[in-house]
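**Q** Using the hints provided, position chains H, C and U with the ligands relative to the given structure of chain V.
Chains as they are written, first to last, in the UniProt record's numbering: chain V, 1 to 228; chain H, 1 to 228; chain C, 1 to 297; chain U, 1 to 297.
Quick caveat, the hints were computed from the structure, so don't treat them as lab data. Do not rely on the hints blindly, as some may be mistaken.
Reference listing, derived: stretches of chain H covered by chain V, where coverage requires no fewer than 3 residues with Cβ under 8 Å from a Cβ of chain V [said to hold, decoys possible]: (1) 28 to 37; (2) 193 to 202.
Here are the simulated SDA-like cross-link-like pairs (lysine to any residue), alpha carbons at most 25 Å apart as the crow flies [claimed, not checked]: (3) K56(V) <-> L295(C); (4) K76(H) <-> S89(U); (5) K2(U) <-> L119(H); (6) K129(U) <-> G98(U); (7) K296(U) <-> I174(U); (8) K93(V) <-> W218(C); (9) K128(V) <-> G212(H); (10) K296(C) <-> E204(C); (11) K2(C) <-> T114(V); (12) K93(H) <-> L295(C); (13) K76(C) <-> V90(C); (14) K160(U) <-> D248(C); (15) K71(C) <-> A52(C); (16) K131(C) <-> E141(C); (17) K80(U) <-> N153(U); (18) K115(H) <-> S214(U).
Where a beta carbon is used, it is the ideal one built from N, C-alpha and C, also for glycine.
Listed below are the residues making up each chain.
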Amino acid sequence: MIEMLDVWKTYPNGTNALEGINVKIEKGEFVYVVGPSGAGKSTFIKLMYREEKPTKGTILLNGFNISKLKERQIPKVRRSIGVVFQDYKLLPKMNVYENVAFAMEVVEATKKQTKPRVLEMLELVKLKNKLRSYPSELSGGEQQRVSIARALVNSPGTIIADEPTGNLDPETSWEIMRIFEEINLRGTTVVMATHNREIVNTLRKRVIAIEGGRIARDQQRGEYGYEG
Amino acid sequence: MIEMLDVWKTYPNGTNALEGINVKIEKGEFVYVVGPSGAGKSTFIKLMYREEKPTKGTILLNGFNISKLKERQIPKVRRSIGVVFQDYKLLPKMNVYENVAFAMEVVEATKKQTKPRVLEMLELVKLKNKLRSYPSELSGGEQQRVSIARALVNSPGTIIADEPTGNLDPETSWEIMRIFEEINLRGTTVVMATHNREIVNTLRKRVIAIEGGRIARDQQRGEYGYEG
Amino acid sequence: MKVRTMGRHLREGSRNITRNGWMSFASMSSVAITLFILGVFLLLALNVNHIANVVERQVEIRVFVKQGVEKVEVDKLAEKLKDFSQVESVTFIPKEEGLENFKKSFGDKAYWFEGLEKENPLSDEFVVKTKDPVETEMVAERIKNLPYVESVNYAKDMIKKLFTITTMIRNVGIGFIVALAFTAMFLIANTIKLTIVARRREIEIMKLVGATNSFIRWPFFIEGLLMGGLGSVVPILLLLLGYRYLIDLVQVDLNLYFLDLLPLNPLAWQLSVLLMGIGAFIGVWGSMMSVRRFLKV
Amino acid sequence: MKVRTMGRHLREGSRNITRNGWMSFASMSSVAITLFILGVFLLLALNVNHIANVVERQVEIRVFVKQGVEKVEVDKLAEKLKDFSQVESVTFIPKEEGLENFKKSFGDKAYWFEGLEKENPLSDEFVVKTKDPVETEMVAERIKNLPYVESVNYAKDMIKKLFTITTMIRNVGIGFIVALAFTAMFLIANTIKLTIVARRREIEIMKLVGATNSFIRWPFFIEGLLMGGLGSVVPILLLLLGYRYLIDLVQVDLNLYFLDLLPLNPLAWQLSVLLMGIGAFIGVWGSMMSVRRFLKV
Ligand SMILES: Nc1ncnc2c1ncn2[C@@H]1O[C@H](COP(=O)(O)OP(=O)(O)OP(=O)(O)O)[C@@H](O)[C@H]1O
Ligand SMILES: Nc1ncnc2c1ncn2[C@@H]1O[C@H](COP(=O)(O)OP(=O)(O)OP(=O)(O)O)[C@@H](O)[C@H]1O
Ligand SMILES: [Mg+2]
Ligand SMILES: [Mg+2]
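Isolated chain V (complex conformation) (with noise of 0.2 Å):
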């Protein structure tokens, strides 16, 4: 369960870019965030996994209040969380294989349960042929299967994912948006931000639009779009 309670974010360069934030997020919803390019999207699932702090408001993750939490805690919440960063933000030294496994030795998971875990992940974003290749090695799409493989790597209770389908053709886009409705089938909480209208206008889920850092609006299987 995510909630927000009158969440404000000013960066220190003075961009306001969220403005009274009141939102809640129930345990195994599927939610889209859409809104348009600068709205605050990033910035409002940015502070669910506490790469940024609220400037003002109060965030309560599985009724952790994680705006209050102490420097050595945050690991925790964060393993509780699997994110697709939009920006991917891979392990440059390390491959694909590494980059992925490295999200369970995070968890001091045994050498055994990690092996077959990765390639299984890898399998299913199609990469299991680029176990050896360095991101720099990658297409702009391969790289972002792999944030994604890493994401779900531990089975987390929570997935965060950035626009995950940015760099992806069609039909891989669908592969992963399949994914992605078969673990929260199975109770797992999953947050998204995309631009991709067909998506959301075709696997209905709940909509929250952001424009100009305020939820613009709060739907129900809504359709895509913001304004108004």
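**A** Just chains H, C and U with the ligands, lined up with the frame of chain V:
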């Protein structure tokens, strides 16, 4: 005019990205390059402005054989092309204005020419309020638009764009497309790799579909799609 | 932390060195060169100190016995001199031997003094050395007051000057070494920091993926340790070989007997342990310091 | 290249230093520290060399004139000695003065030699100094063959030993300085390289946007020049102030008259120019070398 004659590209790690590409793009054409993730679109595009060298084959750009170009002549070729990179490639320590102005400094434009032109371009991509922001302070879509502004600022004879709308919402994407169409009408060659089915199917142009490193289809006023 | 995680950290730490190939190499060669300089000056300072000691040891007190004193009394005086706790050695020079030496020092002009043997104007003499050369003056003053002692000669001014010089040399040496050691630490930490700053993004990513601070730190700890440690191997080898060669050169080939260098044996071990210790310590320290700055994500 | 582009490069080059704040600072402080060490040892070596020169100057040839030679012949001999092109000064010591000095050197034992005045066994003596102390032996041998010269004394063994030592000290000094200079160059170039490697992606982007190699290189040239140049300012100031303090300390407070240090004046300029030159040169060189590696895009 861009012409490729039996072009092959094998990356140092052994990946065959392109296998025998033959294509001719006339001056003033508007071409979509489509294909699944990892098909070789970016590689195809990178060959044109010589970020990559072909392993085999000839590439002619406005009559010059750029696969045999001398080191010293490369900058000249690159200046005649405006490139929107898939990963934006903004200079991290320069702000938005400086990033766009850099492309004009390179061609030794006067300050008098530079300032109004850069501001005009940033107006065009709706970033005039972000002049002093650094790339790390921008949203994904904003970074992409800076990259677009930089590609256009020198009014090059050819625009090469690698998924220029990947991180943009549909409205902004259409605005960018309108800009591309307009400069194309004024005689600029436009080559654009994209995954956006809606755009390709609405704004009908020549479509080159690449699959597995080969041209699967090359069709005037084609639809999105690449399987056969 | 689980044992397999520790194994993973060890593996990662050492692989990071190869992963960052060029940077690690640049860093390690800076470590190596800095430690080499430090080592050279350490050897120099130790040897200068040693030579200063040797020179100071040359300081002696000449005790002149009154003319016409009985042999028994002279022996008693010898006993008394030996009883001083600060005295290391006492050598007796009878006045005949004294005259002989005096004449010898004039070489072919010795014939001038042919007449002196009959009525030897010199006194019997004791040469006294103290255990610690600094006590010379104090001991000399006390000897002066003993019976049958005519006068005491211990080159008061010369000794003062000598000690001023040796003390100065020692202080300058210590000053240099301390300054160099800090400089070396600074330079090494600086280079290691530069290599890690280049990886700040990696550290940030790791944190965003849920790694704890210590999970990120450990490989850097190992890496710093290895870089500092490995970086010290080459300078240690060079210094030991070079020093052995120098000893040979000075003592065998050039026959510069007056240049009394410290022997290789205990020095070699001390130097190796010291330099490797400094390297490893600063490697770890520099590494930890710079990682820390990027952990706040 | 157009003038305004040159202006742009100057501006960019200096702004890069502030843009890369921490890195520039780390780099410049490494430059500063390395140059400081180099400067200290340069001063040390120059002064040691100077002291060695002073000591060597003390070397003199004593020329003894045959007994009973006429005053006119002695004057002629003096002329001849002065005619040697290698001779700097000739001092005449009549045998009476010689005996006086000899007796004085025995202090209160001078009465031993009361009888010698009547039949003075000494000879008239010339003290000859050569312009270059190394020529002492050669000049002495030639003087030996002049008429009326009984013998020539120039402490052959002592001089040999002295020159062995001073030559050794000089060589070691030069060796150290050269080694240190190379080390300093390596360290500085290394740190500057590390700061530029961190910017390889920027260089690649610039090339992809159509910048020529020289367009990219110029700001780095300026940056390297400034970093090296600015990095040398602090050590130069510290060295000059420190050296002035040292001169005061040694010559006024401690009264160590035997420590004859080089005066501040020409040295200050030479040192400043040298260190700043090295800093700027290596700054540029290191910068250019590392940019070059990333220009092949
Ligand atoms: N680190 C930062 N410092 C300052 N301003 C920032 C920073 N990150 C984002 N912003 C600004 O905050 C606003 C919201 O950015 P955000 O990244 O949340 O947008 P977004 O909705 O994700 O856009 P996009 O669809 O383009 O990714 C934008 O105006 C952006 O310029
Ligand atoms: N630098 C590289 N080294 C090795 N292999 C590479 C490199 N760049 C790309 N590849 C590989 O070449 C193939 C084609 O990559 P390319 O980037 O051209 O794909 P793309 O069509 O642009 O895909 P996307 O739509 O995901 O951007 C992929 O399999 C990719 O892994
Ligand atoms: Mg975003
Ligand atoms: Mg691509």
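**Q** Check the structure against each numbered hint from earlier and tell me which ones fail, lowest number first.
**A** 4, 7, 15
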